[in-house]
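Asker: Single-letter residue listing:
Number of protein chains: 2
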Amino acid sequence: MVVSVIGHGRVGTHLQKALRQAGHEVVWLSGRDFTPDEVRGEVVIIAVRDDAIADVSRHIGNTTALVAHTSGSKPLSTIEQKRRGVFYPMQTFSKEREVEFKEIPLFLESDTDMPLLCQLAESISNNVRELDSENRRKLHLAAVFACNFTNHCYALASQITEEAGVDFSALLPLIDETAQKVHEMSPIEAQTGPAVRMDMSVIERHESMLSGKAKDIYHLISESIYDTVRSKEN
Amino acid sequence: MVVSVIGHGRVGTHLQKALRQAGHEVVWLSGRDFTPDEVRGEVVIIAVRDDAIADVSRHIGNTTALVAHTSGSKPLSTIEQKRRGVFYPMQTFSKEREVEFKEIPLFLESDTDMPLLCQLAESISNNVRELDSENRRKLHLAAVFACNFTNHCYALASQITEEAGVDFSALLPLIDETAQKVHEMSPIEAQTGPAVRMDMSVIERHESMLSGKAKDIYHLISESIYDTVRSKEN
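Just so you know, the protein sequences line up as chains A and B, in that order.
Counting from 0, one number per residue, gives the positions in the first sequence under numbering that gives the first Met the number 0.
Counting from 0, one number per residue, gives the positions in the second sequence under numbering that gives the first Met the number 0.
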């Protein structure tokens, strides 16, 4: 299939590569300075930041192609073309790291072209599902907790290990095991730590070692862990 | 070596097993109802909850053995015996899951018996270091962020995927990649998501989808991510 991918960011970069590797002919364009006559193919994928999707769709203008965006949080209606879709890969992409696209969950939506979109998605991933805009928006929010906020917990931990004179790499076996555990049990079952039993002697000492937002985060998440574990018990 | 392990909880269970597998003779006792005459061996490891360590040490009473506890947050001085130590395995243990003890970082402290403690530790782990009480307490705090708080982010994400009608397992490739990334780059470099660029249209919509402590956590961590990324740029 001939596919245009618009966007030179992380998602566009990884997506055009996966499509090429699956044997598609890919036209890869920059979201900032493409001209409508460069856009070709049966499917056009807009992989630009959320706020620019509507502008890019408008700039493409009239086309017989299916036009899809890759955003978790923007609705299908962000695309102005009649043949429209969403092609949301739920993964964290870095320019420097290869990812195995076959395992990335792809969430699709279209009111005109589900079979075509599905065919394209299944050529690069074994993990393809249909999901509407409202539930996709929820899923994107879940991804923010599971990825972005998790990574920030790592970042706060790395600042503390540095203060302790220990290399961050000492935490990697713990980080890996924490991720592996939830393959086998639910995160609520997997929960450990002083907040589970509201061990105030440990919690108060920890809070006394922190300052600023890290201290507020410690307090709030500890309370939330306790509430969550307790609501499961009741 | 003959080693007594006191404590039938998660740490005690995994530790006595690893010690047996390494060829030691292990006397495994319950922290609640052992009698001092049952305690034998050159090393006695107290693997009970933080608040019970001092009581267990007192109950053991006079002994020529080295007595060590396994707590990240309690100081060496919690042990009342003259030959005393700390043997802190930094990992999250579950009763149901096997762990590869060889890869677990073990942090040791002793003012009387470092060589003996080190010999015992190196028989079960390839990752043994010395660390004093103050820095171990910091490290334990880092572990709370990297493990307990990370797991709570998974738990909040699981509640949201449930509302979206999507199985939690859809998040596993994202969770695994988030953990894998910090093997190759620092968590600050790995940070992605709407908070990095304070994308208020996404952040405000996300906050409107949340309530209670999850909403407060979203707001606070987003601000903390923005501060962290900005302080790195400056």
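Some hints could be false.
Note that the list lumps identical chains together, so a pair holds whenever it fits in one copy or between two copies.
Subject to a maximum C-alpha distance of 20 angstroms in a straight line, what follows is the list of computed DMTMM-like cross-link-like pairs (lysine to aspartate or glutamate) [stated by the list, open to error]:
1. K212 x D131
2. K214 x E133
3. K212 x E222
4. K214 x E161
5. K212 x E232
6. K214 x D226
7. K231 x E203
8. K81 x E24
9. K81 x D198
10. K214 x E129
11. K81 x D175
12. K16 x E95
13. K231 x E24
14. K214 x E24
15. K16 x E188
16. K81 x E41
17. K101 x E129
18. K212 x E133
19. K81 x D131
20. K231 x E161
21. K231 x D36
22. K94 x E37
23. K101 x E24
24. K212 x D32
25. K212 x E37
26. K94 x D175
27. K214 x E79
These are calculated hints, taken from the structure and not from any lab test.
Asker: Each of the hints needs a verdict: does it hold here or not?
Answerer: Do the hints match the structure? See the list:
no.: 1; hint: K212 x D131; in the structure: neither (36 angstroms within a copy, 27 angstroms between copies)
no.: 2; hint: K214 x E133; in the structure: between (34 angstroms within a copy, 18 angstroms between copies)
no.: 3; hint: K212 x E222; in the structure: both (15 angstroms within a copy, 8 angstroms between copies)
no.: 4; hint: K214 x E161; in the structure: within (17 angstroms within a copy, 30 angstroms between copies)
no.: 5; hint: K212 x E232; in the structure: between (30 angstroms within a copy, 19 angstroms between copies)
no.: 6; hint: K214 x D226; in the structure: both (19 angstroms within a copy, 14 angstroms between copies)
no.: 7; hint: K231 x E203; in the structure: neither (25 angstroms within a copy, 29 angstroms between copies)
no.: 8; hint: K81 x E24; in the structure: neither (23 angstroms within a copy, 74 angstroms between copies)
no.: 9; hint: K81 x D198; in the structure: neither (58 angstroms within a copy, 28 angstroms between copies)
no.: 10; hint: K214 x E129; in the structure: neither (41 angstroms within a copy, 27 angstroms between copies)
no.: 11; hint: K81 x D175; in the structure: neither (45 angstroms within a copy, 37 angstroms between copies)
no.: 12; hint: K16 x E95; in the structure: within (13 angstroms within a copy, 41 angstroms between copies)
no.: 13; hint: K231 x E24; in the structure: neither (51 angstroms within a copy, 40 angstroms between copies)
no.: 14; hint: K214 x E24; in the structure: neither (52 angstroms within a copy, 44 angstroms between copies)
no.: 15; hint: K16 x E188; in the structure: neither (39 angstroms within a copy, 23 angstroms between copies)
no.: 16; hint: K81 x E41; in the structure: within (14 angstroms within a copy, 78 angstroms between copies)
no.: 17; hint: K101 x E129; in the structure: within (17 angstroms within a copy, 43 angstroms between copies)
no.: 18; hint: K212 x E133; in the structure: neither (31 angstroms within a copy, 22 angstroms between copies)
no.: 19; hint: K81 x D131; in the structure: within (17 angstroms within a copy, 66 angstroms between copies)
no.: 20; hint: K231 x E161; in the structure: between (36 angstroms within a copy, 15 angstroms between copies)
no.: 21; hint: K231 x D36; in the structure: neither (57 angstroms within a copy, 41 angstroms between copies)
no.: 22; hint: K94 x E37; in the structure: neither (25 angstroms within a copy, 59 angstroms between copies)
no.: 23; hint: K101 x E24; in the structure: within (18 angstroms within a copy, 48 angstroms between copies)
no.: 24; hint: K212 x D32; in the structure: neither (40 angstroms within a copy, 43 angstroms between copies)
no.: 25; hint: K212 x E37; in the structure: neither (48 angstroms within a copy, 48 angstroms between copies)
no.: 26; hint: K94 x D175; in the structure: between (22 angstroms within a copy, 17 angstroms between copies)
no.: 27; hint: K214 x E79; in the structure: neither (46 angstroms within a copy, 32 angstroms between copies)
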